[in-house]
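K.L.:
Single-letter residue listing:
Protein chains: 8
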Amino acid sequence: TRSGFPEVVYAPGKTNEQIVSAFRMLQAADQNCLATRCETEQAEAILSEFPEAIHHPAARTVRIQRHFEQTGRVAVVTAGTSDRPVALEAIETLTWMNIQNDLFIDVGVAGPQRFLAVKDELADCDAVVVVAGMEGALPSMVAGWLSCPVVAVPTSVGYGASFSGVAALLSMLNSCASNVTVVNIDAGFKGGFVAGLIASNCHRASSD
Amino acid sequence: TRSGFPEVVYAPGKTNEQIVSAFRMLQAADQNCLATRCETEQAEAILSEFPEAIHHPAARTVRIQRHFEQTGRVAVVTAGTSDRPVALEAIETLTWMNIQNDLFIDVGVAGPQRFLAVKDELADCDAVVVVAGMEGALPSMVAGWLSCPVVAVPTSVGYGASFSGVAALLSMLNSCASNVTVVNIDAGFKGGFVAGLIASNCHRASSD
Amino acid sequence: TRSGFPEVVYAPGKTNEQIVSAFRMLQAADQNCLATRCETEQAEAILSEFPEAIHHPAARTVRIQRHFEQTGRVAVVTAGTSDRPVALEAIETLTWMNIQNDLFIDVGVAGPQRFLAVKDELADCDAVVVVAGMEGALPSMVAGWLSCPVVAVPTSVGYGASFSGVAALLSMLNSCASNVTVVNIDAGFKGGFVAGLIASNCHRASSD
Amino acid sequence: TRSGFPEVVYAPGKTNEQIVSAFRMLQAADQNCLATRCETEQAEAILSEFPEAIHHPAARTVRIQRHFEQTGRVAVVTAGTSDRPVALEAIETLTWMNIQNDLFIDVGVAGPQRFLAVKDELADCDAVVVVAGMEGALPSMVAGWLSCPVVAVPTSVGYGASFSGVAALLSMLNSCASNVTVVNIDAGFKGGFVAGLIASNCHRASSD
Amino acid sequence: TRSGFPEVVYAPGKTNEQIVSAFRMLQAADQNCLATRCETEQAEAILSEFPEAIHHPAARTVRIQRHFEQTGRVAVVTAGTSDRPVALEAIETLTWMNIQNDLFIDVGVAGPQRFLAVKDELADCDAVVVVAGMEGALPSMVAGWLSCPVVAVPTSVGYGASFSGVAALLSMLNSCASNVTVVNIDAGFKGGFVAGLIASNCHRASSD
Amino acid sequence: TRSGFPEVVYAPGKTNEQIVSAFRMLQAADQNCLATRCETEQAEAILSEFPEAIHHPAARTVRIQRHFEQTGRVAVVTAGTSDRPVALEAIETLTWMNIQNDLFIDVGVAGPQRFLAVKDELADCDAVVVVAGMEGALPSMVAGWLSCPVVAVPTSVGYGASFSGVAALLSMLNSCASNVTVVNIDAGFKGGFVAGLIASNCHRASSD
Amino acid sequence: TRSGFPEVVYAPGKTNEQIVSAFRMLQAADQNCLATRCETEQAEAILSEFPEAIHHPAARTVRIQRHFEQTGRVAVVTAGTSDRPVALEAIETLTWMNIQNDLFIDVGVAGPQRFLAVKDELADCDAVVVVAGMEGALPSMVAGWLSCPVVAVPTSVGYGASFSGVAALLSMLNSCASNVTVVNIDAGFKGGFVAGLIASNCHRASSD
Amino acid sequence: TRSGFPEVVYAPGKTNEQIVSAFRMLQAADQNCLATRCETEQAEAILSEFPEAIHHPAARTVRIQRHFEQTGRVAVVTAGTSDRPVALEAIETLTWMNIQNDLFIDVGVAGPQRFLAVKDELADCDAVVVVAGMEGALPSMVAGWLSCPVVAVPTSVGYGASFSGVAALLSMLNSCASNVTVVNIDAGFKGGFVAGLIASNCHRASSD
Ligand SMILES: Nc1ncnc2c1ncn2[C@@H]1O[C@H](COP(=O)(O)O)[C@@H](O)[C@H]1O
Ligand SMILES: Nc1ncnc2c1ncn2[C@@H]1O[C@H](COP(=O)(O)O)[C@@H](O)[C@H]1O
Ligand SMILES: Nc1ncnc2c1ncn2[C@@H]1O[C@H](COP(=O)(O)O)[C@@H](O)[C@H]1O
Ligand SMILES: Nc1ncnc2c1ncn2[C@@H]1O[C@H](COP(=O)(O)O)[C@@H](O)[C@H]1O
Ligand SMILES: [Mg+2]
Ligand SMILES: [Mg+2]
Ligand SMILES: [Mg+2]
Ligand SMILES: [Mg+2]
Ligand SMILES: [Mg+2]
Ligand SMILES: [Mg+2]
Ligand SMILES: [Mg+2]
Ligand SMILES: [Mg+2]
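Going down the list, the protein sequences come from chains A, B, C, D, E, F, G and H. Start counting the first sequence at 6; every next residue gets the next number (the working numbering). Start counting the second sequence at 6; every next residue gets the next number (the working numbering). Start counting the third sequence at 6; every next residue gets the next number (the working numbering). Start counting the fourth sequence at 6; every next residue gets the next number (the working numbering). Start counting the fifth sequence at 6; every next residue gets the next number (the working numbering). Start counting the sixth sequence at 6; every next residue gets the next number (the working numbering). Start counting the seventh sequence at 6; every next residue gets the next number (the working numbering). Start counting the eighth sequence at 6; every next residue gets the next number (the working numbering).
Keep in mind the hints are simulated off the structure, nothing from the lab. Misleading hints may appear alongside valid ones.
[Unchecked claim] SDA-like mimics (lysine to any residue), calculated; alpha carbons at most 20 angstroms apart, straight line: (1) F/K19 to H/L108; (2) A/K124 to B/A122; (3) D/K19 to F/F109.
Only chain A is shown next, with the shape it has when bound in the complex (with noise of 0.2 angstroms):
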C-alpha cells in the first residue's frame, strides 16, 4: 500500500475463509501478515492453514513473519498490569513493521519513581506510545521527559467515571504536553501503526 506497509485484516464481522484467503494473498506477495481482534476460532482456522503463524491470544493478533530485519526503535509503556492486552496489541504490530520495540508495563503516575527508573531507556526512541486506562494521566507525565513524538492510546481499563476509557481519552486530548496526539480507545493498533510509520519514514529518510 501507500504507507509501504500491506493491509491488515481486521477481523471482525470476517468470515473464517475471508481472513484466511487474505493471508494467502499477502503470502503469495512475499509480505508480512496481520490479522487483528481475532477471536480463537478465527486464529484457529489461519493456524490450520499456517503452521507457521503466531496467535497471540492476550493481544487478540495472529501474524506471519517472513522478514526480520528490524529499523527504528519505539517503546511501548503502559500505566497500569490491565492496560497490557492493548500494549501487546501494539508490540506485535511493531514486530509486524520489522520496527525493534520494548513493552514496559506499571510504570503508572501512581507510582513515580517507577516511571524515573525507566525513564533514560525511552530516551533514543523515535517515538513512544503510552497506554493508560483510569485518568490517563502518564502521556502527560512522560510526554515532558521526551524529545519524542507520544502517541497517546486510551484503554477502556477502570470503573465508574472512567466511562469506558472516554475519562482517559478526554485527558489525553487535553495534554498540556505538545508532543502528545492521540488514536481511540483500546486502539493498540494503531497506536503502534502510527508509532511505527514514524519510526520507519525516519529510518528511511536517512537511508536515502
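Here the structure of chain A is known, so what remains is to put chains B, C, D, E, F, G and H with the ligands in place on it, guided by the hints.
P.N.:
Structure of chains B, C, D, E, F, G and H with the ligands alone, referenced to chain A:
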C-alpha cells in the same frame, strides 16, 4: 454552625442588602466573614459599610478577619497560571478559617522538574489542595508523593475537549492514587474548606 | 508507603500468582494485606496459601489482619439496602487500616425519621463515608448535621436516568453542604481510604 | 380549552402585536390572561394597552386578573435564594389559575432545621411545587414528609458539574420518594400549572 | 405512611427473607402488599408463604390484595406493544392502590386513527399515565385532548439513538402541552403511583 | 453541479469579496444564486452590487432569481411560531430551486385540531419539510397521515432539557413513522434542499 | 396504508402468534409481507405456517413476496464488511417494496480507489442508501459524486469512541454535502424504506 | 527543552508583562519566539518592545523569527474556508519550528475533485496536518492516499449537532485509515507541533 465555622455568603442571586445584613449578623457574633463569587458592585456595597473588609477581585471574595491566630497547614498548588483565580478562592477561604496556608502556582505535569522543586515544602501539610484544568493530571502526580489527603479541584481552564472542566473532573475522579478526593469544577471555596476542616480537626484533636 | 499504609492489591487484570506474591511480600514486611475487587477464584488462590485470610464475598475483598489495635472513628452510612456491597468494601478497608468503624444501612432520604435516629451516633466521628445511588441526596442531608468531613461515594444502584451512578455522582459534586467531597462511582475502597486517612492523621497528630 | 384554563402566551419569538392581540381575545372572552418569559419591551407593549396588567419582572410574567375567588391550595418551596425567579413564575401561574398559593424561599437541604420549621404549613396542600438547582435534593426530602403529589422543578442555578440544571434534573428523576414527578429545567410555569390543575380538579370533584 | 399508602417493596438487592418479612408486617397491619422488580425466585419465595399472592411475571410484581373497593379512575395508555411490561407495572400499582384502572395498548403516534378511537374513553379520568419509548411523542398528543394531568413514563424500548429511553425522556420533558409531568425511564410503578395519588386525593377531597 | 443545482454560498467565515465574487460567477453562468446564514453586512455587500437580490433577514438568506418557472410541490410545516426562521431558510431554498412551495406555521402537536385543518393541503406534495423544536413530535404525527417522504428539521427552539435542539433531534431520529428522515439541527437549507431534490427528480423523471 | 405500502411487522416484543396473525391478514389482502428484527424462533413460527416465506438470518427479516414486477432503482453501499447485516435489512425492504436494488459492500473511505470503481454504477439511481459505522465518512464522499438523494444509515460497528454508532451518526448529520439525510443507528429498514419511497413516487409520478 | 524546541507562550490568563518577559528570555538565548491565542492587546504589548515581531491576527499568534534555514516538509490542508484560522496557527507554528510548510484551503470532502487536484503536492511530505470541522471526514479521505502520518485537527466550525467540534473529533478518532492521529478541537498549535516534530526528527536522523 456545626462544623465550628460560621456560614459563608454565596453572593450570586443575592441583593447587596441581603449580603451586607448577613455580614452585620456575623460581625455582631464576633465571627470572621466571607462572601464568595462577588461581583464588583456587591463587593463595593460591603466595603462601604465595612471599610476593614478585604476585597480580592481575582478570587472574587470579600473577607473580614477578626481573628488572626492560625493553626494547621494547607498548601494550594496549581497546574497552570490560569488556575490562579480558583486557587485564590481556596486561599482566601483558608485564611478566613485561620488555617496557615501557602500557594504554589504553575507546577504542572508538563514541567516535571518544577514540581520536584516544591515537593518537600508540601511534606508537612495536613492536607493539600490541587487545582488543575485541561487534563487534570496534577493531583495524581502530587498524591503519589504525599501522605495526607489531597483535595482535587478541577477548573474550567482549557478549550475544545476540556468541555469546561469535565475532562479534568473525570481525570481526578479516576485517579489511581488512593488519597485523592474531588469537589465540583471551579469550586475553590469547597476545596479550601474541606482541606481546612481536615487541618482544623487534626489540631483540635491534638489540643484536646 | 508515604501515607503510612502499604499498597493495596487491585485484583482485576492480575494473575493469581501476581496477587499471592504481593501478599507474600506484605506478610514478610509484617503488614496487613488487602486485595479488592477479587473474583472467587482469585480469593481462593489467596486462601489456599494463607488460610488466615478473610474473604468477604459481598465486599469482594480478601484481607489478612496482623495488627488489631484501632484508633480514630469512621462511620459508613448507606441510603439503601442495595448500596451495601460498596459500603462493605469501605468497611473492610477501614478495618485493614486499623480504624474503628461502624456501618449504618438504609437510612435514606425518603425515610427521614430513620436518619434522625442515627444522627447522634455520628457526632464524634473523624469522618463519615456516605454511600448512595439513585438521586444521591443523602450526603447533602447528612453533612448538614455534622462537623467533620463527609466522603460521598456514589453507587451504580438505580435504573433509567440514574445512568449507572452518574445522577448520584453529579448530585454529590453539587452538594450545597461545604464539607462534602466525592470519589468515583462504586469506589468503596477509596471512600474508606480517604476517611481512614483523615482519622489516622488526626490521631497521629494528637499523639505526637 | 379542554383543561378549563385558557391558553397562556409563551412570549419568546412573538411580536408585540401577536402578544397583545392574544390578550385582546382573552379579554373579550372574560378570561384571566398570562404571558410568560416576557422581555421588558414585550411587557411594556401589553401595559400600554392594558394598564391593569401586572408585570412581574423577576418572574418575567404579565398577568391580567379578572376573577379573584380562589380554591385549592398549593405551596411553592425553593432550596435557595437564586431559585426565586423560577418559583415566582410558578406563583404567578397559580394566581392566574385562581389557586390559593404560598411561597417558601431558601429551605434547602443543607440547613435542615429551616425545612422542619415550615413542614407543618405544607401539610394541607393539594400539591407542592419544589424548586431547586445544584444537587436538586430538596424534593426527595420534602416528599418524604408529605401525602400529596410533589412537582419537582429543577433550575439552572449552580456552576461546574451542575451543567445548567442537568444534575438537579437527574437527581429529581431518580428520587426514591414515590410521590415526586418532574418537569423541564427552569419550567416554573409548568410546575405551577400541573400543581394547580391537581388542586383545581380535586375541588371541582369535591364541589360536583 | 404519610401518603395513606403503605411502603412498597423494591426487590432488587434484597434477600428473599427481607422481602417476605416485609410482607408479613404489612399483612399483620391488614394492608395491601406490593413488591416490584421481582425476579422469579423472589416471587416464588413470597408465593410459598402467601399462596393468595398474585405474581404478574410480565410486570415483575407480586401483590396481595386485601381490600377491593375501588375509587377514582386512571387510564394507562401505551404507544407500542413493547411498552406493555412497564404499563403493567403501573396497572398493578393502581390495583394495589384500589384505584379503578384501564389499559390501552398500542395507540401510538404513527397510527393516529387508533388514538382517536380511544380518546373518548379517557375523558373522565382523574389522571392518565402515558407510556412510550422511541420518540416519546404520545404524551404530547394525548395531553392536547385531555383536561387532567398526564404522567408520562418514558421506556427503554427502541434502538440506536433512543439511548435506552433518553430520547423519549427528553421528548416528554420538553412537551409543549402544559399538563404533562415526567417520571424516570421504565418507572411504571412511579407513573402509576403519582396518577393514583392524584385520583385518590380528588376522591378523598370529594368525600370529605 | 452534479445534482443539477449550482453551489450555494454558506456565508459564515467568508469575506464580502469572496461571497460577491461567487455570485458574479453564478450570474455569468445564468444561474439562480443563494447565500445562507448571511450577516447584515454580508447581505448589504451583495445588494450594493446586485440590487435585484432579495435579502430575507429572518431567513438570513440572499437570493437572486433568474428563472421563475416552478415544478413539483413541497410544503414546509412548523410546530411553533419560533421555528419560523428555520422554515423560511427552507422556503427560500425551495424558491431558489424553482420548486413550488407553501408555508404552514404553528400547527404543533399540542393543538391537534390545527394540524387536522391543514392535513388535506399536504396530500399532493412530493415531500414535506417538518420543522420543530422542543419535543420534536410533529414529524411523527404528520408522517402518519402522508404518503410522501417527510424531511424532519429539528430546531434549537426551547429551553432546559431541550439542549439546543438535541431533544427534538433524538425524537425525530426515533420516529416510529417509516417515512421520516432527519437533517441537522436548524438546517433549514438542507431540509429544503433534500425535499426540493426529491420533488425535482420526480418531475424530471415524469417529463423524461 | 397511506404510503401505498402495507404495514411492516417490527418483531421485538411481539408473540409468535401476533406476528403470524399479522402475516395472515396481509396475505388475505394479497400484499407482500415483511417482518424485521426477527429472532430465529419467530422466523420459524412464520415459516411453519407460510413455507414460501424467505428468512434472511443475517438481515433478521422474514419476507413473503406475492408481487415481483420492480420499478425504480436504489443502490445500497457499505463502508465495511461488518456493515453488511444492516445493508441487507435495507435490501430486503427494497425487494419487498418491489424496487430494483443492488448491493455494494466494502467501498469505504480508506480505500478510495474501490469507490471510484463503483461510482458509475450509482449514476442512474433514484436514491442511494449509504451504510457506514466507525467514522461514518462514506455518505459525504459518495454524495459529492451523485445527483440523487442519499439516505445515510449509521451503524453501531466500531469500538471505543465510536460509541455504538454515535460518531457515525454525528458525522452524517453534519455532512457538508447537501443531498444527505439521516436515519437512526442500524436502521436498515428505514434507510431502505425512505429510499424506496423516493424511487416509487418518482416512477408513480412518471407513469401518471 | 528536551524536544529541541523552546517553550511556547500560551497567552490566555497571562499578563502582558509575563508574556513580554518570556520573550525577553528567549531572545537572550537566541531562540525563535512564539505566543499563541493572543488577544490584540497582548500582541501590541509584544510589538511595542519587539518591533520585529510578526503578529498574525487571524492565527492569533505573535512570532519572532531569528533563524530562517528550513528543513523537512509539512502540508496543512483544510476542509473549508472557515477552518482557516486553526490552519494558520499550525502554519505559524511550523514556520517558528523552521519546517518548510504549505497551506491548502477548502479541499473538503464534498468537492472531491478539489482534493484530487492537490493530492500530488502532498506526496513528499514528512507529515500532513488535516484541519476540518463539521463531519470531519477529510483526514480519512486524505490519509488513504498518503504514506506519511496524518495529524487530524478537528475544529469547532459547524452548527447544531456538530457540538462545537465533537462530531469532527469523534469522526477522526474512528478513522479507518491507520495513519491518522488526533489532537484537541481547534488545536492548530499542537497539530502543527507534532507534525513539525516528526519532520524535524526525520531530518535530524537523516543528517546524523
Ligand atoms: N484493531 C484495529 N483497529 C482499527 N483499525 C484496524 C485494526 N486492525 C486493522 N485495522 C485497519 O482496518 C483495515 C482493514 O479493514 P477491513 O477492510 O475491514 O479489513 C486495515 O488496513 C487497517 O487499516
Ligand atoms: N477498589 C479500588 N479502587 C481504586 N483504587 C484501588 C482499589 N483497590 C486498590 N486500589 C489502588 O490501586 C493501587 C494498586 O494498583 P495496582 O498497581 O494496579 O495494583 C493501590 O495502592 C491502591 O491505591
Ligand atoms: N414558560 C412556559 N414554558 C413552557 N410552556 C409554556 C410557557 N408559557 C406558556 N406555555 C405553553 O405554551 C402554549 C402556547 O404556546 P404558543 O402557541 O407558542 O403561544 C401555552 O398554552 C402553554 O401551554
Ligand atoms: N445553511 C447551510 N447549512 C449547511 N450547508 C450549507 C448551508 N448553506 C450552504 N451549504 C452547503 O455548503 C456548500 C458550500 O460550502 P463552502 O465551500 O464553505 O462555501 C454548499 O454547496 C452547500 O452544500
Ligand atoms: Mg499498578
Ligand atoms: Mg505552565
Ligand atoms: Mg430503603
Ligand atoms: Mg440558602
Ligand atoms: Mg404499534
Ligand atoms: Mg403554538
Ligand atoms: Mg474494508
Ligand atoms: Mg467549501
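K.L.:
All the hints need checking, so say for each whether the structure fits it.
P.N.:
Here is what the structure says about each hint:
For the hint linking F/K19 to H/L108, the alpha-carbon distance of about 17 angstroms falls within 20 angstroms, and the restraint holds. For the suggested pair A/K124 and B/A122, the alpha carbons sit about 19 angstroms apart, so the restraint of at most 20 angstroms is met. For the suggested pair D/K19 and F/F109, the alpha carbons sit about 16 angstroms apart, so the restraint of at most 20 angstroms is met.
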